[in-house]
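Colleague: Chain by chain, the residues run as shown.
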Amino acid sequence: MKKVRKYFKRTYKHYMAVFITLIFIACFYMFPHCLGRFIESVRDLGLSVAYYFCELLGFEDVISPTVNNLPKIPYFSKWFNSSVLPNAPIPENFNEFKQKISAFWELVIDKENLSAYGSALLNVLLVLSKVLMIVMPFIMMAIMLFRRYLKTENNDYDKDSRALIIWKRFTKKVYTPIKVWIKGYIDFLKGNSVYLKAWLCLWLFYLNGISIVIEVLAFYIYFIISFDFAHIYVQVYKLFIDLWSVITFLPVWAWIVVGIAILLWWRKKIGYLRLRHCEMKNRGFINSLPIVLMVCGTMGKKKTTAITDMALSEEAILRDKAFEKILENDLKFPNFPWINLENEIKRAMEYGEVYNLSTIRRWVQKKKRRWGYYKEREKLFNYDAERYGFTFDDKLKTVTVWDVIEVYAQLYFIYVIQSSLIISNYSVRTDFTLSDIGNFPVWNTDFFKRDSRYLDNYSRHAHILDFDALRLGKKMLAENPKKDSFEFGVVVITEVGKERGNSIENQEKKKKDDCANQKNDLFNVWLKMVRHSATVDNYPFVKVITDEQRPESWGADARDLCEIVHIKESEEPRLLMPFFTLSELLYDFTFGRFTNMYYEYRYARSDNRLLMHLIKGVVSRFHNYYTRIYNTFGCCELKVQVESGTQDGVMQDKKYYLMHKKIYSKRFATDCFSEYYTEKTLRSKIGINAMREYETERATFEELKTQNSYFITDLVKTEENDR
Amino acid sequence: MKTFKRLVTVLLWVLAAVAVGYLVFTFKRL
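Sequence order for the protein chains is A and B.
My numbering numbers the first residue of the first sequence as 1 and each following residue consecutively.
My numbering numbers the first residue of the second sequence as 1 and each following residue consecutively.
Hints listed in this document are in silico derivations from the structure and should not be mistaken for laboratory results.
Among the clues, some could well be false.
To spell it out: a stretch of chain A is covered by chain B in this simulated footprint if at least three of its residues, at any positions, have a beta carbon under 8 Å from a beta carbon of chain B; those stretches are [said to hold, decoys possible]:
| # | stretch |
| --- | --- |
| 1 | 116 to 125 |
| 2 | 246 to 259 |
| 3 | 293 to 299 |
Sample of chain A residues at the chain B side, in silico, Cβ under 10 Å [as the list claims (entries may be wrong)]:
| # | residue |
| --- | --- |
| 4 | Tyr7 |
| 5 | Thr21 |
| 6 | Phe591 |
As a list, the in silico DMTMM-like pairs of lysine to aspartate or glutamate whose alpha-carbon atoms are at most 20 Å apart [claimed, not checked]:
| # | chain 1 | residue 1 | chain 2 | residue 2 |
| --- | --- | --- | --- | --- |
| 7 | B | Lys5 | A | Glu584 |
| 8 | B | Lys2 | A | Asp110 |
| 9 | B | Lys28 | A | Glu584 |
| 10 | B | Lys2 | A | Glu637 |
| 11 | B | Lys28 | A | Glu702 |
| 12 | B | Lys5 | A | Glu703 |
| 13 | A | Lys685 | A | Glu720 |
| 14 | B | Lys28 | A | Glu96 |
| 15 | B | Lys2 | A | Glu344 |
| 16 | B | Lys2 | A | Glu96 |
| 17 | B | Lys2 | A | Glu552 |
This structure is a prediction, so every number in the text was calculated from the model and none was measured.
Note that CB positions come from ideal geometry on N, CA and C, so glycine has one too.
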């Protein structure tokens, strides 16, 4: 018995799904014409295909297509009740249709028709007002009850009222189990999608969906050979006949629900399209800037946010560029077995033989040398050079297959490397995912459809920037093992002026100093030469993105290399998903009122009442929905001005888009240097409460002296000297 | 201003719905 129960527990969901399928199959009796229409549409398609080939091969008038015939309803009248014939709300032929159209427009401007519509509208309003009349007393009662709550004050911390206890018991015993079971069953159906697919097919069949698709195909094949414009209207009429059974099957309220569901799905689709469009505009903007750029703006203008966003986009640009160039080089020798080369590169990377562009170039040269001894095909990655050629001429120069292999290998290395390409002086989270089933891997560089629940599973972080790797001169650590490591990637430096300083700040520092400083580390030389280490196939796989409050904070020698992006204005966030206005209005209306009400309640009482529990539950669900929509589809537009690093005063107005889902999804910490201050304040023995306060509105002389201010100290000294 | 803009948008949608409703109503009476 126990075994039977266990078996039933394991399989009852399947039995239920089969039972539902049987019910759906039995629904066939509600749609007696669908089978006939399906057979008819298959016949039409077959004859259209036959007609197409006969006409194409010159056998004219052998086949007479039936796609233009009207459906012969009722079918199978012997077995089914065919008294209810489907009909279409449009006339059978085009002339009648034209007459109806002109009659329709006459009726549209008819006074009597307009007043009839007015009275129909009033009837609807009457029904709505009746509903309101029924609902209003309940709302009034709730408000009165709530006011009564506020009159009695208490400190009954976290004590549930009797009604709330009953409600919680009810939800625990009834609501929650039902909800959990339904969710589980939906997950089961998603896991066993064969049931969902079978149900979809059945209903598409009943509602003539399959017949419509076959008929469209049949007419398309017939039309492209006959150009029979005269029968297009017949097809429209037939379509209406087929659709009418669907339209009349569901009641109006069900159509409203279906309409709302379609609208919700469609607006999200538009939202995602707009997000991707803005991202493409951002990439266009970044591509128009030089290798070194500097973002400037006063505090709170979203400088670090903007450079992080640019770095993320630039990483995607570099991956895409490597991919594009891999294809270009692939096509130079279309019969080269690139997979053999790729597999050997992967192996060399695993063994640590290849870890940067220089080692990969050395590796290819080694392979070339080995091939050079006997010129065997196996040593050329099994490429048949004798048959397919050894050189490629692009009418600018002639390159050998080894030249292309060297370039391809470097591009493949840049493309396939799994860690982030960002190297920064603060942490940035990246979440590009590489799909690889052992052939050519594919990067997913989409920012907007990431599941935030599994964020940590697929995230990586930017590499820690070791400034010694960017210094060609003196290093801070002379024997730093990472001093020569930088080759390509996206270098991001926030607050670059504080790191590098300007000529005034650096005037005390000397080139001859023993320690590394801004004058002897040759960082600026590195900046000027940066593209040399990172260029593959004439494209520099490098970008240096920096930010600072004022351009002048960074020395002119380096700044002159950049273009400066001034953030002029950061606009209010707006939503890229359409048709959300009504929800926003409702949200503003409910949330503002709830906040006032909630804190009045919190001030007066500490116990839990059923009414507050219900209101808070509804408002929190609405608030979370609103927040999630804004977090997914919200976008903040930055108005920027681009100026040359020489600061010639010529400004170009541009826009940059910060999409919430991309940049605020745990990407970086705005307080990226906060740990320094944590260490500093941990050393302190006092907090703000212990700081001395002024005794009156006017500070005493003693109080002024405790400020340790340069100004006050100077004044005190002067006063003492005068004495 | 924001609320006013939203109100106007919703009002325009309601008007559009009434207009579409009128066309459907006329079509049904044809």
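Colleague: Hint by hint, where does the structure go against what was stated? Just the numbers, ascending.
Modeller: Those not satisfied are hints 2, 3, 4, 5, 6, 8, 9, 11, 12, 13, 15, 16, 17.
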